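**Q** Here are the chains, one letter per residue:
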Amino acid sequence: MRHRRLTLVSTGVPDMTAILPPQPARRPDDIIRFDRIVKRFGGAQALAGASLAIRRGTIHGLVGQNGAGKSTLIKILAGLHQQDEGTIEIEGQRIDHLTPHLAETHGIHFIHQDRLLVPTFTVGEALFLGREPRLPGTPFLDRRKMQRQANETLADYFGIKLPTHALIGELSTAERQIVQITRALLDHPKVLVFDEPTAALVRREADILFRLIRRLRDEGVTIIYISHYLNEIEELCDHVTVLRNGIDVASTPIAETSANAIARLMVERDIADMFPKRRVEFGDDLLKVEGLTAANRFSDVSFTVRRGEVLGITGLLGSGAKDLVRTLFGLERAQSGHIEVAGAADRARTPQAAAVRQIALVPEDRRGHGVALDLSVAENITLASLDRYTSLGVLNGKRERRDSDDLIKRLRIKTAGRDALVRTLSGGNQQKVAIAKWLSRHSEIYLLDEPTVGVDIGSKVEIYTLIGELTERGAGIIVLSSDLPELIGITDRILVLFRGRVTREFISSETTTDEVLAESTGASERLRHVG
Amino acid sequence: MSADIHIGDLADFTAEQSKERSARNLAAASLRFGSLIAFAVILTVFSLTAPYFLSIGNIGNVLGQSAISGVLAIGLTIVLVAGGANVVTGGIDLSLAANMGLSAAVYATVTQLGYNDPVAVAASLLTGLAIGAVNAAAVVFAGIVPLLATLAVMNVVAGLELVLTQNTVVPASTDFLTALSASDALGIPVLAYVLLGFTAVVTAIVQYTPLGLRLYAMGEFPDAARAAGLPLKRLLAGAFLASGLCGGIAGILSVSYLSGSTTGSSEMLLPVVVTALLGAVFSRRLVPTITGTLLSALLVGFLVNGFQLLNLSSTLVSGVQGILILIVVSTTTLLRKREI
Amino acid sequence: MSLSASHSPVAPWHHRVLSSLARYGLILALVVVFAAFSLATPTFLTAGNLQSLLVNNFTLLAIVSVAMTFAVSAGGIDLSVGTAVDFASFAFVSLVLAGQPVAIGLLGGLAAGAVVGAFNALLISGIGVSPFLATLGTLFIGRSVQQLLTNGGNPVYLPPSGVPDAFRFIGHGAISGFPLPLLIAIVVIAAAAFVFARTRFGRVVLAIGIQPSVVRYSGIGLGRHVAVAFILTALIAAIAGLILTATVTVYIPSSGNAFLLNAIGATFIGTTLSPLGRPNIAGTVLGVLLLSIVANGLLLTGLNFYWQQVGTGTLIFAVLAFSFINRKTGGA
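Chains as they are written, first to last, in numbering that gives the first Met the number 0: chain A, 0 to 530; chain B, 0 to 339; chain C, 0 to 331.
Rather than coming from a laboratory, the hints here were simulated on the basis of the structure. Hints are not guaranteed to be accurate.
Over the 12 Å line for every Cβ pair with chain C, so calculated as not near, a few chain A residues [to be verified]:
(1) 29
(2) 91
(3) 158
(4) 233
(5) 256
(6) 335
(7) 340
(8) 372
Here are the simulated lysine to any residue pairs, SDA-like style, with alpha carbons at most 20 Å apart [as the list claims (entries may be wrong)]:
(9) 232(B) with 99(A)
(10) 189(A) with 214(A)
(11) 189(A) with 103(A)
(12) 397(A) with 192(C)
(13) 144(A) with 209(B)
(14) 287(A) with 276(A)
(15) 276(A) with 457(A)
(16) 189(A) with 226(B)
(17) 74(A) with 227(B)
(18) 189(A) with 227(B)
(19) 144(A) with 210(B)
Please read all numbers here as calculations on a predicted model, not as lab measurements. Glycine included, every Cβ here is placed at the ideal spot set by N, Cα and C.
All chains, please: the whole structure from these sequences, using the hints.
**A** Put into structure tokens, the structure is as follows:
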């Protein structure tokens with residue numbers, strides 16, 4: 000097992016020059032090889048010399064935190080991006096310009112998260128779109144043949160039978176995934192890439208999937224399996240590669256490692272003084288949640304946030320962490336449970352009501368929900384607090400401009416001016432605008448969902464400082480993040496959710512990143528299995 | 000490929016799934032059956048209150064009278080299928096009625112100039128195709144949203160029709176036209192056969208060929224269509240050409256029916272749009288279909304006919320159409336909300 | 000998880016030129032057309048003709064187009080503006096015919112327009128039907144309602160003797176030389192511009208039209224604002240109906256629908272004036288002006304009346320094509 004320690008230089012960017020890992024030894028039965036792939040997007044480097052060697056006929060796991068480069072690497076394999084440097088070899092043949100079509104002709108198929116199946120088609124139609132069988136000698140569809148072949152393939156591979164006239168839109172998520180996999184199988188693929196396939200599945204459905212994957216491997220198909228669930232990687236894969244900060248830091252047979260060891264590799268990072276020290280006295284209970292339950296998303300969640308406190312929440316996709324935060328802001332409904340804001344029961348549950356109760360949400364999808372790209376900076380900043388500038392329905396433009404300028408200065412938002420469109424700002428500055436919106440309203444409870452994703456280092460530090468300032472003024476903050484060093488650095492406590500339940504609470508100053516990671520990838524569950 | 004892997008307890012797994020599935024289906028089924036029942040009820044009520052309503056002759060009459068709007072609505076349905084459900088950014092062709100008017104005017108003018116029927120037919124069909132081509136170019140190449148593109152084209156085409164006819168009715172009557180508008184081939188108007196034949200051909204193409212399946216895929220879920228390697232631009236352009244052609248065909252039928260061109264073609268536009276949109280209600284999957292549109296057109300035809308026989312103003316039919324579409328759309332919207 | 004930079008790269012120079020052209024294209028077209036007609040016919044550039052242009056071609060279309068701009072700003076469209084015009088017209092004439100004072104007639108007309116707007120609001124905000132379909136339904140139902148109210152589509156006339164002075168004044172009067180209808184239109188335009196630029200409501204509606212999800216995530220109720228926007232649309236259209244009736248002293252069923260297509264055209268042409276393609280009052284007004292000048296000018300040049308529609312249609316088409324192509328090449 001080879002790995003490298005990466006140290007952060009003062010700018011916070013890993014110094015690659017002297018320490019690229021050695022190339023994986025060339026083996027004759029490598030079906031896919033990536034050699035030192037570099038990919039940049041604008042100023043940020045997504046891949047910094049990553050290499051990957053997939054042996055034919057194995058199940059190869061690919062793991063890494065958000066931002067480590069997993070999805071970029073896969074998109075390059077899918078031909079959706081072109082690498083800036085580095086070579087790709089498929090079946091020993093070097094390919095310089097991989098396109099989606101080319102990937103397909105080489106037998107590489109992808110099972111994506113967003114199932115690309117038409118909801119109003121029948122199973123047969125969805126399977127055969129683009130290669131529809133015809134009644135011999137006529138231009139007409141042979142629907143009966145489509146249906147028959149569909150049933151046969153489904154029964155053969157999965158042992159299930161779906162009703163003849165079932166529409167894709169009527170199927171469950173698992174069934175839809177089965178159809179999607181079957182469609183890929185019809186092409187007799189050589190390589191199948193699964194991207195987070197079990198995030199929306201229950202245990203039993205995941206088991207079915209695993210049995211299928213193993214069977215495919217036994218029949219000679221190569222599988223690339225991407226997942227955050229380390230216990231799955233441990234259970235299913237033959238080999239695993241760990242990505243971190245755009246480089247493969249380890250590539251090893253599963254037999255020689257463990258989920259915990261993998262977890263440690265994923266997050267190791269020396270943390271320079273990126274996180275400002277805070278010394279805040281906690282005040283009264285600001286937000287109190289008891290027994291909050293939303294069917295199929297999370298159950299029986301209870302916690303308290305006091306004034307001046309920063310509570311971290313983390314969990315994998317499907318853990319319920321995101322739904323919890325959305326429910327607190329009134330975007331989703333809980334079925335039972337109790338929420339109290341500053342001592343008063345919070346019964347009305349819509350975003351409007353939440354804002355009135357001085358709860359603020361900075362959503363993860365910054366460009367979709369956080370800021371209006373085609374409105375100006377000032378218009379965005381005042382969007383949640385328009386009432387403060389309105390008298391008799393008319394906006395007080397002067398005060399609006401003055402307060403916007405204040406906030407721009409205070410948050411050091413780099414913009415051509417208050418009237419510049421938010422679209423022209425960098426990610427970090429857009430995020431500051433999204434936060435400024437609630438500052439303008441003097442909100443008290445801040446729900447920050449992945450606040451520094453896609454944000455440059457400089458802005459990250461500024462946002463952390465801002466969080467600190469807010470707590471000094473008596474705000475209570477919840478940070479939902481999958482960036483564990485960040486979480487440990489800026490929060491007082493961390494709640495870990497796994498498949499809908501709070502499994503553990505950590506004191507941030509007394510825990511480590513791999514402890515948290517292990518917990519969020521199901522350590523408690525693993526223990527339960529073992530015990 | 001061996002089948003001896005037991006995926007064990009999948010039996011009850013799929014049973015659970017199908018129970019949920021039935022619940023979801025119930026709503027869609029009730030909508031579809033509801034509309035068929037409504038159709039049947041309307042027919043029954045009229046047959047009881049209006050004399051001769053369900054006679055072969057009258058039914059044939061209705062078919063014949065619905066031929067023009069039926070052909071237009073079917074042309075529009077092709078665009079609806081290929082362009083997608085969102086009416087503003089998706090598929091719609093507002094130029095169809097004007098297309099029909101101009102094509103009819105072209106036919107009449109050409110025969111007036113002394114040419115014979117085949118030439119006139121060709122001229123009309125080419126006119127329709129040309130309009131379809133302009134629509135296709137505007138939407139696919141210039142990237143103009145179909146609502147606006149076809150709106151602008153409609154304006155131009157309507158204007159051209161006025162220029163051609165000087166806002167008068169240009170008469171036309173040839174043997175072919177007279178044959179078309181004959182009203183007793185076995186007791187039923189020829190136009191009725193034309194409508195049925197036309198519907199059969201288009202249905203065969205749109206509902207039963209790979210091409211049709213791909214049009215649906217493109218309209219419903221362009222990303223999936225693209226992932227399946229379908230040529231989206233070509234398909235969409237083709238859809239607009241097809242609807243243009245239908246406009247030309249409708250123009251020929253119109254000239255025959257009215258023995259000349261007409262000045263009232265723009266009146267037909269919105270009723271045809273509503274007819275095509277309502278057609279979705281008659282399909283199992285609640286998507287626009289050719290046969291569904293035919294049923295929708297016939298529904299309107301029967302309403303108009305029934306109202307006429309009962310001496311009610313047939314202009315009230317537009318109100319009925321309006322109410323129907325609002326009921327249908329509201330129901331589907333509310334149902335979809337409940338599912339979430 | 001995207002690591003792409005969120006700056007938009009600076010567009011190549013020829014794109015920027017095209018983009019400016021597209022934006023000012025509307026103004027350019029206005030100037031060109033105005034100049035062309037001034038040269039082509041001597042009668043165009045006369046005070047009498049310009050006044051006639053403004054009053055006959057411009058006024059009513061401008062008001063209806065301003066109404067449409069509200070609906071389009073909220074992210075939708077209102078196909079039933081003509082219905083609101085007609086309802087208001089009908090109520091006004093009927094009330095005056097029945098002996099009511101003109102003021103009551105005006106209020107009744109506005110109320111009738113509000114009913115149409117409320118119906119749309121209920122469908123769109125209450126149930127969630129898309130604005131196109133909802134207003135399409137309203138349009139159809141409105142037609143039949145008018146048929147029923149007039150016993151089969153008969154116009155309602157005010158006999159020449161029964162026309163109150165106030166009535167006549169609205170339709171044909173003038174204040175210091177300015178025709179009253181035109182003045183009303185200017186007031187409506189100014190008020191609408193004010194609402195969009197300076198009021199909370201205008202700001203929220205614009206934001207909803209641009210990115211509704213962000214507005215929702217900012218804790219603002221979408222439904223209320225969209226509802227009011229559509230009611231406002233109908234009310235403003237109703238004003239046009241009142242002026243129309245006062246001018247011609249008759250109500251003709253479903254005549255209001257003649258405004259629909261040009262109002263849509265003007266509003267969307269108007270969006271080309273904004274660098275982002277946002278609907279805006281100034282652009283709409285310029286769009287109406289353009290259409291009016293073309294209609295008036297073509298008439299004066301003695302060109303076959305029927306070519307006018309072709310001309311207008313081609314113009315709308317060209318402007319649209321230009322702005323959409325421009326947007327696709329990454330202009331603005």
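**Q** All the hints need checking, so say for each whether the structure fits it.
**A** These are the hints, each one checked on the structure:
Every beta carbon of chain C lies more than 12 Å from that of residue 29(A), the smallest distance being close to 28 Å; the non-interface claim holds. A cut-off of 12 Å between C-beta atoms confirms that residue 91(A) is not in contact with chain C; the least separation is 31 Å. No beta-carbon of chain C is positioned within 12 Å of the beta-carbon of residue 158(A); the least distance is around 36 Å. Non-interface call for residue 233(A) relative to chain C: holds, since the shortest CB-CB distance, roughly 24 Å, exceeds 12 Å.
Taking the minimum C-beta to C-beta distance to chain C, about 25 Å, the non-interface status of residue 256(A) holds against the 12 Å cut. Non-interface call for residue 335(A) relative to chain C: holds, since the shortest CB-CB distance, roughly 25 Å, exceeds 12 Å. No beta-carbon of chain C is positioned within 12 Å of the beta-carbon of residue 340(A); the least distance is around 14 Å. Listed as outside the interface, residue 372(A) is inconsistent with that label: its C-beta sits roughly 7 Å from the nearest C-beta of chain C, within the 12 Å cut-off.
Distance check on the hinted pair: residue 232(B) and residue 99(A) sit about 18 Å apart at the alpha-carbon level, within 20 Å; holds. The straight-line distance between the Cα atoms of residue 189(A) and residue 214(A) is roughly 14 Å, inside the 20 Å bound, and the hint therefore holds. At roughly 10 Å between alpha-carbon atoms, residue 189(A) and residue 103(A) fall within 20 Å of each other, so this suggested pair holds. Taking the CA atoms of residue 397(A) and residue 192(C), the gap is near 18 Å; set against the 20 Å cutoff, the hint holds.
Annotation: proposed proximity of residue 144(A) to residue 209(B) holds, straight-line Cα distance about 13 Å (limit 20 Å). A distance of roughly 26 Å separates the Cα atoms of residue 287(A) and residue 276(A); the hinted pair therefore is violated under the 20 Å criterion. For a cut-off of 20 Å, the pair hint linking residue 276(A) to residue 457(A) stands: about 17 Å separates their Cα positions. Note on residue 189(A) and residue 226(B): the hinted pairing holds, with a Cα-Cα distance of about 18 Å set against a maximum of 20 Å.
At roughly 17 Å between alpha-carbon atoms, residue 74(A) and residue 227(B) fall within 20 Å of each other, so this suggested pair holds. This hinted pair checks out: residue 189(A) and residue 227(B) have alpha carbons roughly 18 Å apart, not beyond 20 Å. For the hint pairing residue 144(A) with residue 210(B), the CA-to-CA distance comes to about 17 Å; that is within 20 Å, so the pair holds.
When held up to the earlier numbered hints, the structure conflicts with 8 and 14 and fits the remainder.
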